[in-house]
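Colleague: With the hints as extra help, turn the sequences into a complete structure.
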Amino acid sequence: MMKKVLAGLVLAAGIFGLTQGAFAQAAKGKYEIATVVKITGIPWFNRLEVGVKKAGVDLGINTYQLGPSDADPAQQVKMVEDLINKGVSAICITPNDAKALEPAFAKAKAKGIIVITHESPDQRGKDYDIEMIDNVKFARHFWDELVKSMGTSGKYAIFVGGLTVPLHNLWADEGLKYAKEKYPNLKLVSDRIPCGEDQELSKQTMLELLKTYPDIKGVIGFGSLGPLGAAQAIKEKGKVAQVSIVGTVLPAPAAKYLSDGSLRSGILWDPKDAGYAMTWVAKQLLDGKKITNGMEIPGLGKVTVEGDVIKVDAWIDITKANASSFGF
Amino acid sequence: MEIALRKLARYTETYLVIIIAFLSILIAAKNPSFLTLENMFDLLKSYSFFGVMSIGVLMVLISGGIDISFAAVATVAEYLVALFMMRIGGNIFSAFAVAALVGSVLGYINGLLVNRFRIPPIIATIATMNAYYGLLIFATGGKWIYDLPIWFSDFAEIQLFTIHTANDSTYGLSIITMIWFAVMVAGILILRFTMLGRSIYAIGGDRKSALRVGLNVRRAEEFVYSFMGLLAGIAGVIQALLVQTVAPNSIVGKELNIIAAVVLGGASLTGGKGSVFGAFLGLVLLAIVKNGMTLMAIPPVWYEFFVGCVILLSVGITSYKGKLEKRRTATILVKA
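So the sequence lines, in the order shown, correspond to chains A and B. Counting from 1, position 186 in the first sequence corresponds to residue 186 in this note's numbering; the numbering is continuous, with no gaps. In this note's numbering, each residue carries its 1-based index in the second sequence increased by 328.
Take these hints with a grain of salt, some might be off.
[Claimed, not checked] Derived lysine-lysine pairs resembling DSBU-like cross-links, with alpha carbons at most 30 Å apart:
1. A:54 x B:582
2. A:148 x A:256
3. A:99 x B:582
4. B:471 x A:235
5. B:471 x A:256
6. A:239 x B:358
7. A:256 x B:582
8. A:235 x A:256
9. A:302 x A:109
10. A:187 x B:358
11. B:471 x A:53
12. B:358 x A:180
[Stated by the list, open to error] Some, not all, of what chain A presents toward chain B, calculated at C-beta under 10 Å:
13. 73
14. 81
15. 82
16. 86
17. 229
18. 236
19. 254
20. 327
These are computed hints drawn from the structure, not numbers from a lab. Cβ coordinates follow ideal geometry from the N, Cα and C atoms, glycine included.
Modeller: The structure is reproduced here in structure tokens:
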């Protein structure tokens, strides 16, 4: 039976793989910059695509976005290799697995193709990585926001998307370090809980936390669905006044929770900016320009360059007042 | 007394009840709020979504088949219902009706592939899973729907009875749980008291014999896959009721958990065996293990490890018991 299941799964993966062939045609004489995302067809990367397209129009180049149908590193590597064979000018990518992509990036380099990554600062083989936030400052901001509504003492919990999601855990590490110094009276009730990408699971987990720690006062949620699930749970139990929830949320789905107070505030960056910035930087490099400190990406602000990592401070605070104005 | 005990010892359900009772005592000793009515009601509500689908999975497994596509079916039905509610409106009954219809049709297609074309069920349903889900993602671009109508969120709040606690909060038995229970009753009625139900067991036990004795195999196989689809559709609406957000990628990926729970409950992957009560217990076991870990304040890095252990332990006990039984029958045969 198990063999059958495995054979089936392998076959399924193959079928998925076959469907990934449709690349846009390159216009002659123009730069062709492809953006590869972690997974196609989710709101986050749909929004990123808006930025990719905008950069194409603004800069007069051929840009497009593609990505695997699930967050599968192997499929992503395959796509990058296809793009290299096709001979694009630059590849912008949010890696699913930094290590798995290294050989493909080496091939790109050999053919003179520029590689720009996002959300992968320690990536090897890239030309530049772009971060829309300074991860340390960003992480600290969550604790500052939490303290703003729950006070500087009390019990709280952290949700992450998974125990192996690099950024979520980096934020949690940095934030905890910061909290230890600045807010010593905050008490973390449990190790970070991996439920932040599943609203149902987050809701159930929050219900359990309320029972285990009846005096819990706050939750920091990383992952776009976790904070919403937690907010739903405290609403259901009438604990909106007692528990403060802050987290990474997409503005539009969070609007209704922000307006009834079950979610206190959201902090995020706009993926559109990331899509735009990657393409913009790639274009500068193709033109032979250098990226230097203080350079300005149109509409995003000044950049800080640290080695091969470019940082822009472009996080957004999402509140009751502005949640519906972002357009995503 | 002894005979009664021996009879009980033959059922997988008995062992599950013992394991569940043991775990419950363990968890409650660490955190008394585990054994409160409130926690039970919360769990029964959260797991209704899994519960409804588990009955469909159970029937498919009993018939000797397997369905991998039901999570995709649930997603498609959920999404179409959400669109239906936003564009056309309707009420909670029409929402469930649309979901049931969409689900049944998609399930029926699985049934056709399995019965008429004799495609191995796992291949057929993996193919349809990709097709259904791929089409949905293509058509919707993965957009989330979160502006569901007020009447829809109001329905999710209905409780059969409500209990007020000392500190001003309330809890109660959710109407969503009742849908799950109704599905279980339907499952028991079909499996135990209809010709259709008995033929499902017969086909799973030995398809050829079932054909020879003149059972309507085609009808039964088409029924189990259609019914799986119908329940997946209903579960899709339940999921939307529970989280009030419809995201095309939120259900797919959970199918193996549900199949595991049903198998844990004594259903056999080779067909012919399984019961509604067992499937319920399998799900309860998984639910309290997960619930118990937060309540006992076990560090989350251990969650998956413990879930794995409990599955191994329970399946181990029942399989070993099955092996012993086989040996016993074997000896009898030799004697005869």
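Colleague: For each hint, tell me whether it holds in the structure or not.
Modeller: Evaluation of the provided hints:
For the hint linking residue 54 (chain A) to residue 582 (chain B), the alpha-carbon distance of about 37 Å lies beyond 30 Å, and the restraint is violated. Pair hint residue 148 (chain A) plus residue 256 (chain A) holds up; C-alpha atoms about 21 Å apart against a cutoff of 30 Å. Restraint check for residue 99 (chain A) and residue 582 (chain B): satisfied, since their Cα atoms lie roughly 28 Å apart, inside the 30 Å limit. For the suggested pair residue 471 (chain B) and residue 235 (chain A), the alpha carbons sit about 25 Å apart, so the restraint of at most 30 Å is met.
A hinted pair counts as satisfied when its Cα atoms are at most 30 Å apart, and residue 471 (chain B) with residue 256 (chain A) qualifies at roughly 17 Å. Between residue 239 (chain A) and residue 358 (chain B), the direct Cα distance comes to roughly 24 Å. Compliance with the 30 Å bound is thereby established for this hinted pair. Taking the CA atoms of residue 256 (chain A) and residue 582 (chain B), the gap is about 27 Å. The hint holds against a cut of 30 Å. Note on residue 235 (chain A) and residue 256 (chain A): the hinted pairing holds, with a Cα-Cα distance of about 12 Å set against a maximum of 30 Å.
Using a Cα cut-off of 30 Å, the hinted pair residue 302 (chain A) and residue 109 (chain A) holds, with the two alpha carbons roughly 27 Å apart. A threshold of 30 Å between alpha carbons decides the hint, and for residue 187 (chain A) with residue 358 (chain B) the separation of about 20 Å falls inside it, so the pair holds. Our distance criterion of 30 Å between C-alpha atoms is met by residue 471 (chain B) and residue 53 (chain A), whose separation comes to about 18 Å. Pair hint residue 358 (chain B) plus residue 180 (chain A) holds up; C-alpha atoms about 28 Å apart against a cutoff of 30 Å.
For residue 73 (chain A), the interface hint is violated, the least distance from its beta-carbon to any beta-carbon of chain B being 16 Å, above 10 Å. The closest approach between the C-beta of residue 81 (chain A) and any C-beta of chain B is roughly 23 Å, which is over the 10 Å cut-off, so the hint fails. Residue-level restraint check for residue 82 (chain A) is violated (minimum Cβ-Cβ distance to chain B is 19 Å; threshold 10 Å). For the restraint placing residue 86 (chain A) at the interface with chain B, the shortest Cβ-Cβ distance is roughly 23 Å, beyond the 10 Å limit, so the hint is violated.
Nearest Cβ of chain B to the Cβ of residue 229 (chain A): about 7 Å, under the 10 Å cut. The hint holds. With its C-beta approaching chain B no nearer than about 8 Å, residue 236 (chain A) sits inside the 10 Å limit, and its interface hint holds. Annotation: interface hint on residue 254 (chain A) holds; nearest CB of chain B at approximately 9 Å, less than 10 Å. Interface restraint check: residue 327 (chain A) against chain B, minimum CB-CB distance 13 Å, threshold 10 Å, status violated.
Hints 1, 13, 14, 15, 16 and 20 from the list above are not met by this structure, while the remaining hints are.
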